[in-house]
Amino acid sequence: MTADSRVDVFERMRSLDETVARLAACAAGETPFQLLSGGTDLVVESHLAPPSSTVRPKRVLLDISSVPELSQIEDRGDMLRLGGGVTYLALRRDPVASRVPLLAAMAKDVGAIQIQARGTLAGNIATASPAADGVCGLFALDAVIGLRSAKGERTIPLVDLYEGYKKSKRRPDELIAWVDVRVPSPTAKWVWRKVGTRLAQAISKVALSAVVEIDDGKISRARFGMASVAPTTSALPSVRALLEGNAPGWIDLAAVERAVDADISPIDDVRSTSAYRRHVAKAITREFVRALSG
Amino acid sequence: MLELDVNGKKVNVDASPLARLLDVLRGPLGLTGTKEGCGEGECGSCTVLVDGVPMNACLVLVGQVEGKSVLTVEGLAVDGALPEHLNHLQRTFIDHGGAQCGICTPGMLVSAEALLRNVPKPSDDQIREAIAGNICRCTGYQRIVDAIRHAAELRGRDQ
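Going line by line, the protein sequences match chains R and H. If you use the numbering used here, the first sequence corresponds to residues 1 to 294, in order. If you use the numbering used here, the second sequence corresponds to residues 1001 to 1159, in order.
Any given hint could turn out to be false.
To be verified - Here are the simulated DSBU-like pairs of lysine-lysine, each with C-alpha atoms no more than 35 Å apart in a straight line:
#: 1; chain 1: R; residue 1: Lys108; chain 2: H; residue 2: Lys1068
#: 2; chain 1: R; residue 1: Lys151; chain 2: R; residue 2: Lys166
#: 3; chain 1: R; residue 1: Lys58; chain 2: R; residue 2: Lys218
#: 4; chain 1: H; residue 1: Lys1010; chain 2: R; residue 2: Lys167
#: 5; chain 1: R; residue 1: Lys108; chain 2: R; residue 2: Lys218
#: 6; chain 1: H; residue 1: Lys1009; chain 2: R; residue 2: Lys151
#: 7; chain 1: R; residue 1: Lys282; chain 2: R; residue 2: Lys58
#: 8; chain 1: R; residue 1: Lys151; chain 2: R; residue 2: Lys189
#: 9; chain 1: R; residue 1: Lys189; chain 2: H; residue 2: Lys1121
#: 10; chain 1: R; residue 1: Lys58; chain 2: R; residue 2: Lys189
#: 11; chain 1: H; residue 1: Lys1121; chain 2: R; residue 2: Lys108
#: 12; chain 1: R; residue 1: Lys151; chain 2: R; residue 2: Lys282
#: 13; chain 1: R; residue 1: Lys58; chain 2: H; residue 2: Lys1121
#: 14; chain 1: H; residue 1: Lys1068; chain 2: H; residue 2: Lys1009
#: 15; chain 1: R; residue 1: Lys108; chain 2: R; residue 2: Lys169
#: 16; chain 1: H; residue 1: Lys1121; chain 2: H; residue 2: Lys1009
#: 17; chain 1: R; residue 1: Lys58; chain 2: H; residue 2: Lys1068
#: 18; chain 1: R; residue 1: Lys218; chain 2: R; residue 2: Lys151
#: 19; chain 1: R; residue 1: Lys151; chain 2: R; residue 2: Lys58
#: 20; chain 1: R; residue 1: Lys282; chain 2: R; residue 2: Lys189
#: 21; chain 1: R; residue 1: Lys189; chain 2: R; residue 2: Lys169
#: 22; chain 1: H; residue 1: Lys1010; chain 2: H; residue 2: Lys1068
#: 23; chain 1: R; residue 1: Lys166; chain 2: H; residue 2: Lys1121
#: 24; chain 1: H; residue 1: Lys1121; chain 2: R; residue 2: Lys282
#: 25; chain 1: R; residue 1: Lys151; chain 2: R; residue 2: Lys169
Keep in mind that the hints were calculated from the coordinates and are not lab data.
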């Protein structure tokens, strides 16, 4: 235990109302503050750079890991409402969440069970990393997030939340209270595909989520999410435009690859190269589109 | 003063709620069976059960587990079991050569315990997935999988 950790203040929140009230008070004050739930990022960062080694001032940590409202999963017919504190393990095990199998498929690929038990959807959304598997999966499900503050509640489609690398429209006094996802039709074709260095415990080099619905032989709805190929998660808008309204068997696969190329801007970093990411992004998207007519 | 439930016992500990659970276990509570490997949630050496669910104690602040039950490798021992109070998992890890340097072993045992509580007769794939968050650099995983499979059989016979 580092004695330095005592300079911070730990407050355990017990309800949503208490949390938004404390957030409002913290945002109005001068002391830095941060929300804490699973700690998969925050605790690592705090420990690797303890307060004594930096000039970071004292801060307030609001622990929301035991706020009951945040861990609920509600069946709302054509939608599911997932509390912001829902963990990946809950997505894998919850019978209601099983209505959207893409959620469990994605959650299974996030770290291993120890991380799945701690990591939350809201944490993944708030961290705003383009490599976030949770965000990528939610993109294909028309996710809308509910932001709660003392001023009330507002909603933002997840695809509109991000303004750049690790930048989002969420205000510091706002809590990601819930995420609504659309339940795809039972006949929808979907995929979750993660490419990492290993099967478990790897951060994505590229990940793809997709949901496609076909009515009367034509694609009526196509939604995508792609991780780690741009400063923010990509919704592959050009691919979507290419597919919607067309018959699955008549889509030019070379055009699909060109559309992916146009939608992404991957970089070289510690996990992969731009060239490899482009190659894989095109290959896995093409493979999904080709399989639609099967 | 924090009140914790560790290995079935209520304990009071003088620690900041911001201390990592791992440091409180190994420090003031003297439970050094839980190991620190990477300290960033990758290796699983510090795996403990919190309300029955495996978690990395390096990612959990001790203030977050007040009111929850924590099980460490020390809590696996069974009073009266021979020899040396070891439970089936601990025994089979020894018998199958599933432990070598020993750093990953406590975390492996705790992850395996969580699996066998939920899935009494796991397939090899289920065993491998249950320990996917526990990294071993010595024995290779096959002996560990063998040990867990054997422990599952022994537990089944007990019931």
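Tested hints:
Annotation: proposed proximity of Lys108 (chain R) to Lys1068 (chain H) holds, straight-line Cα distance about 25 Å (limit 35 Å). Among the hinted pairs, Lys151 (chain R) with Lys166 (chain R) is consistent with the structure: their alpha-carbon atoms are about 25 Å apart, no more than 35 Å. For the given pair, Lys58 (chain R) sits about 58 Å from Lys218 (chain R) by alpha-carbon distance, which is inconsistent with the 35 Å threshold. Only pairs whose Cα atoms come within 35 Å are accepted, and Lys1010 (chain H) paired with Lys167 (chain R) is rejected, the gap being roughly 44 Å.
For a cut-off of 35 Å, the pair hint linking Lys108 (chain R) to Lys218 (chain R) stands: about 31 Å separates their Cα positions. Distance check on the hinted pair: Lys1009 (chain H) and Lys151 (chain R) sit about 44 Å apart at the alpha-carbon level, beyond 35 Å; violated. With a C-alpha separation of about 46 Å, the suggested pair Lys282 (chain R) and Lys58 (chain R) falls outside the 35 Å cut-off, and the hint is violated. Between Lys151 (chain R) and Lys189 (chain R) the alpha-carbon distance is near 40 Å, which puts this suggested pair outside the 35 Å criterion.
Between Lys189 (chain R) and Lys1121 (chain H) the CA atoms are separated by roughly 33 Å; this keeps the pair inside 35 Å, and the hint holds. Pair hint Lys58 (chain R) plus Lys189 (chain R) does not hold up; C-alpha atoms about 50 Å apart against a cutoff of 35 Å. Between the alpha carbons of Lys1121 (chain H) and Lys108 (chain R) the distance comes to roughly 21 Å, so the proposed pair stays at or under 35 Å and holds. Note on Lys151 (chain R) and Lys282 (chain R): the hinted pairing is violated, with a Cα-Cα distance of about 44 Å set against a maximum of 35 Å.
At roughly 50 Å between alpha-carbon atoms, Lys58 (chain R) and Lys1121 (chain H) are farther apart than 35 Å, so this suggested pair is violated. Only pairs whose Cα atoms come within 35 Å are accepted, and Lys1068 (chain H) paired with Lys1009 (chain H) is accepted, the gap being roughly 12 Å. In summary, the hint linking Lys108 (chain R) to Lys169 (chain R) is supported, as the alpha carbons are separated by about 28 Å, within the 35 Å threshold. With a C-alpha separation of about 29 Å, the suggested pairing of Lys1121 (chain H) with Lys1009 (chain H) holds against the 35 Å cut-off.
Note on Lys58 (chain R) and Lys1068 (chain H): the hinted pairing holds, with a Cα-Cα distance of about 28 Å set against a maximum of 35 Å. Proximity of Lys218 (chain R) to Lys151 (chain R) is assessed by CA-CA distance (about 44 Å); at most 35 Å being required, the pair is judged violated. The suggested pairing of Lys151 (chain R) with Lys58 (chain R) holds, with an alpha-carbon distance near 26 Å, which does not exceed 35 Å. Simply put, Lys282 (chain R) and Lys189 (chain R) have alpha-carbon atoms about 18 Å apart, close enough for the 35 Å limit, and the pair holds.
Using a Cα cut-off of 35 Å, the hinted pair Lys189 (chain R) and Lys169 (chain R) holds, with the two alpha carbons roughly 31 Å apart. Straight-line distance between C-alpha atoms of Lys1010 (chain H) and Lys1068 (chain H) comes to about 11 Å, which keeps the hinted pair within the 35 Å bound. At most 35 Å may separate the alpha-carbon atoms for a hinted pair to count; Lys166 (chain R) and Lys1121 (chain H) exceed this at roughly 44 Å. Between Lys1121 (chain H) and Lys282 (chain R) the CA atoms are separated by roughly 41 Å; this puts the pair beyond 35 Å, and the hint is violated.
Distance restraint check for Lys151 (chain R) and Lys169 (chain R): the Cα-Cα separation of roughly 16 Å lies within the 35 Å cut-off, and the hinted pair is therefore satisfied.
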